[in-house]
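Please build the complete structure, drawing on both the sequences and the hints.
Here the protein sequences come in this chain order: Y and Z. The numbering of the first sequence is our numbering, which starts it at 248 and goes up by one. The numbering of the second sequence is our numbering, which starts it at 447 and goes up by one.
To be clear, the hints were calculated from the coordinates, so they are not data collected in a lab. One thing to keep in mind: the hints can contain errors.
Here are the in silico distance ranges between beta carbons for each label pair [said to hold, decoys possible]:
id, chain 1, residue 1, chain 2, residue 2, range
1, Z, 464, Y, 307, 43 to 49 Å
2, Y, 326, Z, 488, 39 to 45 Å
3, Z, 528, Y, 292, 42 to 48 Å
4, Y, 342, Z, 531, 28 to 34 Å
5, Z, 528, Y, 259, 38 to 44 Å
6, Y, 299, Z, 472, 27 to 33 Å
7, Y, 273, Z, 485, 21 to 27 Å
8, Z, 472, Y, 300, 27 to 33 Å
9, Z, 545, Y, 317, 28 to 34 Å
10, Z, 464, Y, 316, 46 to 52 Å
11, Z, 460, Y, 256, 34 to 40 Å
12, Z, 459, Y, 286, 23 to 29 Å
13, Z, 503, Y, 250, 17 to 23 Å
14, Z, 531, Y, 278, 37 to 43 Å
Model, not experiment: these values are computed from the prediction. Even glycine gets a Cβ: it sits at the ideal position worked out from N, Cα and C.
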Amino acid sequence: GENVEQHPSTLSVQEGDSAVIKCTYSDSASNYFPWYKQELGKGPQLIIDIRSNVGEKKDQRIAVTLNKTAKHFSLHITETQPEDSAVYFCAATGNQFYFGTGTSLTVIP
Amino acid sequence: GAVVSQHPSWVICKSGTSVKIECRSLDFQATTMFWYRQFPKQSLMLMATSNEGSKATYEQGVEKDKFLINHASLTLSTLTVTSAHPEDSSFYICSADSGALNEQYFGPGTRLTVT
Chain Y
248 GENVEQHPST LSVQEGDSAV IKCTYSDSAS NYFPWYKQEL GKGPQLIIDI RSNVGEKKDQ
308 RIAVTLNKTA KHFSLHITET QPEDSAVYFC AATGNQFYFG TGTSLTVIP
Chain Z
447 GAVVSQHPSW VICKSGTSVK IECRSLDFQA TTMFWYRQFP KQSLMLMATS NEGSKATYEQ
507 GVEKDKFLIN HASLTLSTLT VTSAHPEDSS FYICSADSGA LNEQYFGPGT RLTVT
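Structure below.
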């Protein structure tokens, strides 16, 4: 089955700086790569996603890049704000979702 | 759009009792719903896949007689934890497949505490 690795597990940045979270996957058949933000005590919220026929996607301060050859994709958050502090999960999916282990992001005011 | 609700948001029960958690897709029909379990500071662990009108598919190691799943309609799936024990205490999250090419939308989760 698919194996998704996510790094780093924790990340602290100063407010206004950028944050980058990386995930690698193993199954070349995976074709959909969503990113979720989970705040404490809440369910994951889809923040951005990308499909295998696209290399990059951007939504305001959030962007995702995909390198199919290298089998990795990354989440980029620019101009970070304290409310961006949360746990972020990547996932890779073909027929089933495989989640990364999560990154706890702390934005320091 | 694509809102998924769960009820209750938290529940405390005594050992040996059963607890039912509901998952509803509010503004779309979901042929497939998923149930996850999440321990503190860990990722989501898929427990089972629920298809409307058919039996759920359980992941390896998940006891189907303990975690009963019913998907009676295109907007409702239920998870019943039977004969609950303290080790069943966890955060249970459902998600629904919107039908749009694998997109899943998650509910807010249910915190179960078994005393």
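Next item on the list: Please test the hint of 27 to 33 Å on the beta carbon pair from residue 299 (chain Y) and residue 472 (chain Z).
Entry: holds, 30 Å
Notebook entry, point to check: Can the suggested window of 37 to 43 Å be confirmed for the beta-carbon pair residue 531 (chain Z) and residue 278 (chain Y)?
Noted result: 39 Å Cβ-Cβ, so the 37 to 43 Å window holds.
Margin query: Quick check on a hinted range of 39 to 45 Å for residue 326 (chain Y) and residue 488 (chain Z), using CB atoms only.
Written below: violated, 30 Å
Checklist line | residue 528 (chain Z) versus residue 292 (chain Y) beta-carbon gap, inside 42 to 48 Å or not | finding: Violated: the Cβ-Cβ distance is about 30 Å, outside 42 to 48 Å.
Note to self: 38 to 44 Å was suggested as the range; check whether the CB atoms of residue 528 (chain Z) and residue 259 (chain Y) agree with it.
What the structure shows: Given a distance of about 43 Å, which is inside 38 to 44 Å, the answer is holds.
Next item on the list: State, for the Cβ atoms of residue 545 (chain Z) and residue 317 (chain Y), whether the hinted interval 28 to 34 Å holds or is violated.
Entry: holds, 31 Å
Item checked: residue 464 (chain Z) paired with residue 316 (chain Y), Cβ distance criterion 46 to 52 Å -> holds, 50 Å
Next item on the list: Can you let me know if the beta-carbon spacing of residue 464 (chain Z) and residue 307 (chain Y) is within 43 to 49 Å?
Entry: holds, 45 Å
Check: Between residue 503 (chain Z) and residue 250 (chain Y), does the C-beta distance stay in 17 to 23 Å?
Finding: Because 21 Å falls inside the window, the suggested range holds.
Check: Between residue 342 (chain Y) and residue 531 (chain Z), is the Cβ distance one that fits in 28 to 34 Å?
Finding: holds, 32 Å
Item checked: Distance restraint hint 23 to 29 Å, applied to the beta-carbon atoms of residue 459 (chain Z) and residue 286 (chain Y) -> holds, 25 Å
Check: Is the gap between the beta carbons of residue 472 (chain Z) and residue 300 (chain Y) within 27 to 33 Å?
Finding: Distance hint for residue 472 (chain Z), residue 300 (chain Y) holds at roughly 30 Å.
Of the numbered hints stated above, those contradicted by the structure are hints 2, 3, listed in ascending order.
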